[in-house]
Structure formats: C-alpha cells, structure tokens
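Engineer: Those sequence lines, one after another, are chains A and B. According to this note's numbering, the first sequence is numbered sequentially starting from 3. According to this note's numbering, the second sequence is numbered sequentially starting from 321.
Derived by calculation from the structure, the hints in this document are not laboratory data. All C-beta atoms in this analysis are idealised placements derived from N, C-alpha and C, irrespective of residue type, glycine included. Be aware that one or more of the hints could be misleading.
[Stated by the list, open to error] No more than 30 Å apart at the CA atoms, straight line, and that leaves these computed lysine-lysine pairs for DSBU-like:
| hint | chain 1 | residue 1 | chain 2 | residue 2 |
| --- | --- | --- | --- | --- |
| 1 | B | K575 | A | K23 |
| 2 | B | K661 | A | K403 |
| 3 | B | K575 | A | K283 |
[Claimed, not checked] Covered stretches of chain B, going by a simulated chain A footprint (3 or more residues, C-beta under 8 Å):
| hint | region |
| --- | --- |
| 4 | 470–481 |
| 5 | 546–556 |
| 6 | 561–570 |
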Amino acid sequence: MAGKPGNHHHGGSGLPVYHGKFGERQAARLLWRAGFGPRPGEAAKLARRFNLRGAVHSLTRPKGKEHLKGPQPVDEDGLPLAPFDAYGHDELWWLDRMVRTNHPMVERMALIWHDWFATADVNSQKLSIEQAQLFERRWMGPFPDLLADVTVNPAMLIWLSGLDNTRRAPNENYAREMMELFTLGASNEAGYPYSEDDVREQARALTGWDADWEDDVGYVNFHFDAKRHDAGAKTIFGQTGNFDWTDSCRLCVGHKAHKTFFVEKLWSYFIPVPPTAKTRKALERLYVKHDHAVRPVVEAILMHPAFYRGPSMVKPPIVYIVGLLRARRGGIRSDWSWISDLAGQRLFRPPNVAGWNEARWLDTSTFRGRWIAANYIAGYDAIDDEATYSATEGPKQAVRKALQFWGDPQVSTATRKGLERYAGAVATSATADWQQDTFRLLRQNALRMLVATSPDMQTS
Amino acid sequence: MSCNHCEELTRARLMRRAVAQAGNGLPSIEPGMPAPAGTGLSRRSFLLRSSAAMLSVYGASRLRLGDLEAGVAQAAGANDPVLVSIFLEGGIDSLSVLAPTTDPTYRALRPSLALDPDAGTAFTEDPRLRWHPAAASFDALHRAGKMAVAPAIGYSSPDQSHFTSRHYWEVGGLSPREITGWMGRLLERIGTADNPLQGLSLDGSLSPALATSSVPVAAVDGISYDLWARGVWGTPEELMFGAVADLGAGGARSKDPGLRSAAGAATQAMQLRTQLEPFSGEEINAPVAYPEGEGSWFGENLSALAAMLAAGLPIRCAAIQAPGGFDTHDNQAESFASDLKLAADSIAAFQADLEARGLANRVVTLVWSEFGRRPEENDSGTDHGAGGAAYVIGSRVNGRMVGEFPGLDQLDPDDNLRATSDFRGLYCSLIEQWFNVDAGAVIPDAASFARPTLIG
Numbered sequence: 003m004a005g006k007p008g009n010h011h012h013g014g015s016g017l018p019v020y021h022g023k024f025g026e027r028q029a030a031r032l033l034w035r036a037g038f039g040p041r042p043g044e045a046a047k048l049a050r051r052f053n054l055r056g057a058v059h060s061l062t063r064p065k066g067k068e069h070l071k072g073p074q075p076v077d078e079d080g081l082p083l084a085p086f087d088a089y090g091h092d093e094l095w096w097l098d099r100m101v102r103t104n105h106p107m108v109e110r111m112a113l114i115w116h117d118w119f120a121t122a123d124v125n126s127q128k129l130s131i132e133q134a135q136l137f138e139r140r141w142m143g144p145f146p147d148l149l150a151d152v153t154v155n156p157a158m159l160i161w162l163s164g165l166d167n168t169r170r171a172p173n174e175n176y177a178r179e180m181m182e183l184f185t186l187g188a189s190n191e192a193g194y195p196y197s198e199d200d201v202r203e204q205a206r207a208l209t210g211w212d213a214d215w216e217d218d219v220g221y222v223n224f225h226f227d228a229k230r231h232d233a234g235a236k237t238i239f240g241q242t243g244n245f246d247w248t249d250s251c252r253l254c255v256g257h258k259a260h261k262t263f264f265v266e267k268l269w270s271y272f273i274p275v276p277p278t279a280k281t282r283k284a285l286e287r288l289y290v291k292h293d294h295a296v297r298p299v300v301e302a303i304l305m306h307p308a309f310y311r312g313p314s315m316v317k318p319p320i321v322y323i324v325g326l327l328r329a330r331r332g333g334i335r336s337d338w339s340w341i342s343d344l345a346g347q348r349l350f351r352p353p354n355v356a357g358w359n360e361a362r363w364l365d366t367s368t369f370r371g372r373w374i375a376a377n378y379i380a381g382y383d384a385i386d387d388e389a390t391y392s393a394t395e396g397p398k399q400a401v402r403k404a405l406q407f408w409g410d411p412q413v414s415t416a417t418r419k420g421l422e423r424y425a426g427a428v429a430t431s432a433t434a435d436w437q438q439d440t441f442r443l444l445r446q447n448a449l450r451m452l453v454a455t456s457p458d459m460q461t462s
Numbered sequence: 321m322s323c324n325h326c327e328e329l330t331r332a333r334l335m336r337r338a339v340a341q342a343g344n345g346l347p348s349i350e351p352g353m354p355a356p357a358g359t360g361l362s363r364r365s366f367l368l369r370s371s372a373a374m375l376s377v378y379g380a381s382r383l384r385l386g387d388l389e390a391g392v393a394q395a396a397g398a399n400d401p402v403l404v405s406i407f408l409e410g411g412i413d414s415l416s417v418l419a420p421t422t423d424p425t426y427r428a429l430r431p432s433l434a435l436d437p438d439a440g441t442a443f444t445e446d447p448r449l450r451w452h453p454a455a456a457s458f459d460a461l462h463r464a465g466k467m468a469v470a471p472a473i474g475y476s477s478p479d480q481s482h483f484t485s486r487h488y489w490e491v492g493g494l495s496p497r498e499i500t501g502w503m504g505r506l507l508e509r510i511g512t513a514d515n516p517l518q519g520l521s522l523d524g525s526l527s528p529a530l531a532t533s534s535v536p537v538a539a540v541d542g543i544s545y546d547l548w549a550r551g552v553w554g555t556p557e558e559l560m561f562g563a564v565a566d567l568g569a570g571g572a573r574s575k576d577p578g579l580r581s582a583a584g585a586a587t588q589a590m591q592l593r594t595q596l597e598p599f600s601g602e603e604i605n606a607p608v609a610y611p612e613g614e615g616s617w618f619g620e621n622l623s624a625l626a627a628m629l630a631a632g633l634p635i636r637c638a639a640i641q642a643p644g645g646f647d648t649h650d651n652q653a654e655s656f657a658s659d660l661k662l663a664a665d666s667i668a669a670f671q672a673d674l675e676a677r678g679l680a681n682r683v684v685t686l687v688w689s690e691f692g693r694r695p696e697e698n699d700s701g702t703d704h705g706a707g708g709a710a711y712v713i714g715s716r717v718n719g720r721m722v723g724e725f726p727g728l729d730q731l732d733p734d735d736n737l738r739a740t741s742d743f744r745g746l747y748c749s750l751i752e753q754w755f756n757v758d759a760g761a762v763i764p765d766a767a768s769f770a771r772p773t774l775i776g
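Just chain A, with the same shape it has in the complex (with noise of 0.2 Å):
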C-alpha cells in the first residue's frame, strides 16, 4: 500500500504504477527501451498525446498494419538486398526492419528471444531469418507457444543438435539448456531445479527431429520421425510418463521455478536493477493468472515506477546504432556488419548460447565500434562548404544545432554546457581570418559526433 508519493497500484495486482509527469524524458526512455529510439518529434508527441497507459499500449499493442516507411535498401551496386544469399544481407534484412518499422517493439521484442533463444550460425541465412521471423510472430508469447515453437525450429534444431538427438544416441545439448537457460535457470535461491537425470531423460524426450540434407542446399524438410523417438517411460521434475518433445516444454513452463526465472530475465531486458520481491511475486501472479502470456508482464513492467525512476541502462550496440539512423530517418546504405560487429553486437551471432552479456556493452574496443557508427551516419550529411558557412555562429547556437541534427535528444545540464565549452574553446583558437568560416564548420560536424557518442546518448 505504501509506494512512493505519486506512484498508484493496481487494482489487486500489487504492482506500483509510475504516476508521475509523463513527459517527453519519459516518453524517450520509453521508446528506446521498448524500441529503438524517437524519430524527430516522436518522444514529444507521445507525451502529448497519451498517458502513461496510453503511450505504452501505442508500444504494446500497435494499431495498424505492420509497414515499413521509407525506401528499401539497397547493396552497393544498387540492388535490392539479397537476405538468404549475400553474405551480411541476412544482418541488413533485420536492421532495416528495425530501422523502418512503424511497430518498433516487435522488432524490439524480437531483439530480445533473440537474445534469449541465442542461436549462432546455423550456416543457412534462410534458417536463421525465418527464426528472427518466428521472434517477430511470438513477439508477445504466449511463452508456452514461444517455447514450442523455438524447440523444433530449424536453425535451433541445428544450433542446439536437435538433428542429433536420437533414442538411439541421445545428444543432451538442447534438453540442457532448454531447462538452464531458457526456462528455468541453472541455480536459484532454493537450490537446482533440475538435476543430471532429469538432463538425460529431457533429452530422450525431446528425440524423433530430422531433415533431410541436400548438396548445395544444405538442411530441408525438417519433421518428426517416430522411428527416432524414444517412446518409452521417462521420469522428469518426478513425474513419469511416455513424453515427448510436446511434454518436455509443457513440464519446463510448469516448473516452480520457471515463473521466477521467466519473470527476472524479461525484467532485465527492461530495468538495470532487479525487481524488489514484493513486485517480482506480483509479476509472477500476473504471469500466471494469464497463462504465460508475455504482454500483461510486460507492460507491468514498462509502467512500473522503477522504470521512470531508476537508473539509465546502456543501450545494446545495435539499438545504438539503429537509433541513431530513426534520429536521421536514414536507412541502411551500407554493409553494417563489420561495424555493429566492432561496437560489440552482430546479428544472427551472439557470443555463445547465452546470449550477449549486457553488462558489459562498453570497453575501449566496442566506444570505437560506436564512434565508427556515429562517423558512419553523421558522416553521410557532413558538412564541407565553409564558403557558405557562418563565420559568427556562438556556441549555443552551435550546440543547439548539432542537437538539432540528432532529432533533439534530451542531455543532462553537464553535457549541454561541456559541448558548450567545446564550442567556445574552438571560437577562440580561430586567429586567424580564414579560420572564422572553417573552424565554426568542423565544429559542427565535432560536435554532432559529440552528441551522438555523449554519455547521455549511450544511455536510456
């Protein structure tokens, strides 16, 4: 009952909701934690239009058809893209997607099983976009369907040797991290949840998956064959019965401990902090009650006061850099590969079956990676005609502009005035005639790559 002054809770839920000023700070966080950032004048404009519920459900539940604004991409040659050839093009298929939707958080979502389900190359950019696909439908769960529809995936039956696992010779790599990290955790506060048994007997459940291998194609017709499956009595969680691959998912997602560790995890995506007991109980209630639905958890979850209040989360490489290209409302018009790659985060290639490790976004290798971004895109509409550039420009007015260009992003008082003093310290070190024009011109294109690689910008 207590809460802090201004937050309200939910009728019985026990959930705080944030009540205090929706403004245009709240509504960016917002749209880079649940997307990928306001194009110009968007973060305003949902705070004008909506409340907290209401700007959250524009999120969460999107009216409209699903488009794309703006041109499609197109490789070097001017082509369209080529996803299931071109080597990259698989990457390119997904940002652009991310960069041009009018639906952000499906994509966001997505984003997010991706990193949940992390399934590396699989050798087919076919396979591993129509898993992303599979990501975008399920976006909201329900998570039992999500899971389902994960565990026979192709790309993950490959990735996880799916394609391996027969009652012949069980292959325990998918049963394993199904229960570890996909669904239950590997230890929580009340010990193990699953023990080496009930790995063997998951995976005797989970036998039976195969396709059929084709030169030159690689893996087609993935189904269920009986002759591969185990149909004999396994003992799992302490229960026993004939199970399959149907069962094992349907066990998992009825564990005790999965409501906890479904609940933390999608929490984390959201809030650097952890949920407080009180919240992560109510969280589970509501997760439960509705079936393992995903979109009640969380819109709980983006209108919780810890969301508005707390403290600001390092934004994920490529929701770095996809923002800074809705800022521009530019698109994708080059290879992003090898940059997202240096800034820490490759598409279609996380680090391992855990994902990639948030906490630890930023070293001195990945800040160049986004520097490179930053040139990258600032760099298309450089400025380089000091012949028509002001030689009297102040640095306010500087510092205003170079925001300008990055669709007006709000920055803390301290960086507002360390881009200022930039601003000024240049002014000064132009003696000379010619440097009026000149310098006032690098200092703009300085500038606009001193916003975009500011703390502030790294940051939602």
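Assemble chain B onto chain A, guided by the hints.
Structural biologist: Okay, now just chain B, sitting in the frame of chain A:
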C-alpha cells in the same frame, strides 16, 4: 640502472612527441598548459603530462589530474612482469612441429605427411622427436634454454569443437559459460581500476582471455587507436577528443550508475588514444629485423608491443593471434610450413627485440593453440585432435619440457594423442611463478593441477 637510463631516453622521446602534438594550439586557450617537452621533466611527469594534455584543455585544475593519470603513472612500474599470449588459430598439428620421424607408427599413420626421418633438427630433450625445418627458430630458442615445450598439452575429456576448446583455454577452465578470461581474472588481482592498457589486445577486438568483470582492459588494431570524424581536422579535431574526455569526466560525476559506466568508457577510450598517440602513424625503429612479406603485420605488432614496453607503458598482459590458419583439414603440406615459419620467426624476433631493448627479464610469451590434430591423416590433411602444443618463451623461462611426448602407440578412445599435461596447470605456474599471485584466486580447481616449473 643503466638499463633504466636507456628506457628513460626512449620514453622521453616518445612522450615529448605526445606533449608537443597535444600542446599544439593549446597555449592560446589555457596559458597554464604543461611545459614544452625537453625541460627535464621526470619520467613520471612525462607520463602524467602526456595523458593529461588532452584533458588539460578543459582545466587540469578541475580534474586535478584525475584518478586516471595518477593510476597510469603508478601502474607504470618498470619492473612489473608482463605476459604475452600468442594464439595459433585452428589447432596446430603439434606432431608436425615436433615429429617422431623414425617411429613406424607415425610413418604408417602419416603416409603422405610424414617428415623425412632425418628432416629438421634433433629435439634435445627427447631423441624420438625432431623439429620441423620451418621451426628452426624455435629450435634455437629451445637450445638457448629460453623455451619450455609442452609436446602434448590438453585436458581430460577433450572437446573437438574449435569454439568450445578455444573457449576453455581462454577462460582457463572447462565451463562453457564462463565469461571472464583467465588473464582478465589475473588482472582483477594485479591490475588497477584506472589503467585500460594493463590488458591489451593487439588485433582489433578484445581477446576473450583478457575479458574482465571490473577492471578496464583495451583493444587496439595494431598499435594505433585511431579515431576520426568526417569533416573534422586541425585544432577543432584535437579539441574534439579533449571534449570527449571532458564529457566523460562530467558523466563520471553523475549519480546515475548507467551514465557513469558510459562516461567511464569514453574517458578510458580517450586515455588509451592519448597513451598510444606517440605511436600513431610512426614507424617503430626495431633493433632487430622481423619477417617481411605476407603476414608481416604480426611482427610489426609485436615490435610495436616491444616499443610500448620500452616506453614504460603500463602493460601487464597482452594478447595477439598469429597469422596463418592451422586448421589443416586438407592440403596441409602446402600451407603448414610457411605458416609455421612465419609464426616461429616472428616470435623469435620478438624475443631478440626484447633482449636488445633490455626488457627480456620482464616478459614471458605463451604460444598456444586450441588442440592438436588427429595422428592419422585424412586424405591430404589432418582432422581435429586432442593433445596439442604450447610453448613458453623468455629469458627467465626454465627451458625444460612440460609433460612428455606420449608416443603414438597408445592413443585416446577417439584415436587422438593423449594429453600429458593440463593447460590449467601451465596457467597456474605462470600465475604463481611469474606474477606471484595465488592461482586459486584465478583458476577454478587450481589445487588439482600439477605445476610445472616454468620460471627460473
């Protein structure tokens, strides 16, 4: 002492250039800038000034020379031991580096790839083995007592996935989901919170072996950490990098931990850029010749590392991958010798460079690969195996064999070479004997591994 004097001169020359460049155009902004170089500044103050130069634009007084500069200066002990890790990617065929050339089993398993019985040179510690002709510089290091050879190193239940096995070596344990590297965890013990150079990747992206959970480490592409912005040059450019650090310093004072961590990355990036500025675009005048031609970047980066160490930069662990591909499933005869020769000659040149610069007593080099290869050849190459090779090189290294060569008559259940030493024991020795740190704090289950005597 005389040695320190030499390093002093090298450092002075390099740092003078940094101050001079950084100072270019600054005096008109802030009259209290560092004094021009060559005025008898101490070793410590050269370092301080060079890294403070950028930040000073916006007021050294406000930053009070910051924790970062102080940390770098304090970390720059000229006697601190250094470890360099060199990775031979793909799983090098250890049975071709040191081959049992007269063993009938070897000749039967390797009908097309076996070396001639009297090829290369004899291995002085085991009469059954001979060095590959391309490994002559390894032989020389070994004969000089500067190289310890592990002829069959690995771990129990070996994994034959490149990814998994390499990961084990990188994290220093058999945990698939460990996310910090073994050198990273070592740096948590011996490093500081304010010196990204202490763990330095020299090939562009951070080596997983250097990944830490708290202290900063750095990755550079070669020796430079170049950043540029389109349409920005001259004084506005120099001031821009100062401003990145300034914005980082501002963010570092925020109450918001997310903002602070982003600010920290910006500050460290600019610090690294400043630290490496003296080397940017400059030729390193190495005192020895490194291999030229294809793959020469490897020797260039090693010579740059030697130059950085000579300049007193506070590097403790460095990591680099050798050129060439040792995943020789096919056509092994064509690529193996040249790749081995390039790697061995470059590594030997690095050791000679360190000796010429008077640094050889401070540096140990570990050369490793994720596994060895199958004793039985396939058509024209070899598939993934188990027991592989590691080499520990340095003037302070005890050049005695680690483990023994197990022979080919008793292979493991997968027909691979049995490991006679565990890489984790090797790590424990390096951690304890070279860095004087309790390996139990770095390597899981450290107590269970035998420690070969590597140093002294």
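Engineer: Hints first: check each against the structure and report whether it holds.
Structural biologist: Consistency of the hints with the structure:
1. A C-alpha spacing of about 21 Å is found between K575(B) and K23(A), which places the hinted pair at or below 30 Å, so the restraint holds.
2. For the hint linking K661(B) to K403(A), the alpha-carbon distance of about 57 Å lies beyond 30 Å, and the restraint is violated.
3. Distance check on the hinted pair: K575(B) and K283(A) sit about 29 Å apart at the alpha-carbon level, within 30 Å; holds.
4. Chain A is given as covering the region 470–481 of chain B, and this is violated because 0 residues of the stretch bring a CB closer than 8 Å to a CB of that chain, at least three being needed.
5. Counting residues of the region 546–556 of chain B whose beta carbon lies closer than 8 Å to any beta carbon of chain A gives 10, which meets the minimum of three for the stated coverage.
6. Counting residues of the region 561–570 of chain B whose C-beta lies closer than 8 Å to any C-beta of chain A gives 7; at least three are required, and the coverage claim holds.
Figure legend: structure checked against the earlier numbered hints; hints not met, in rising order: 2, 4.
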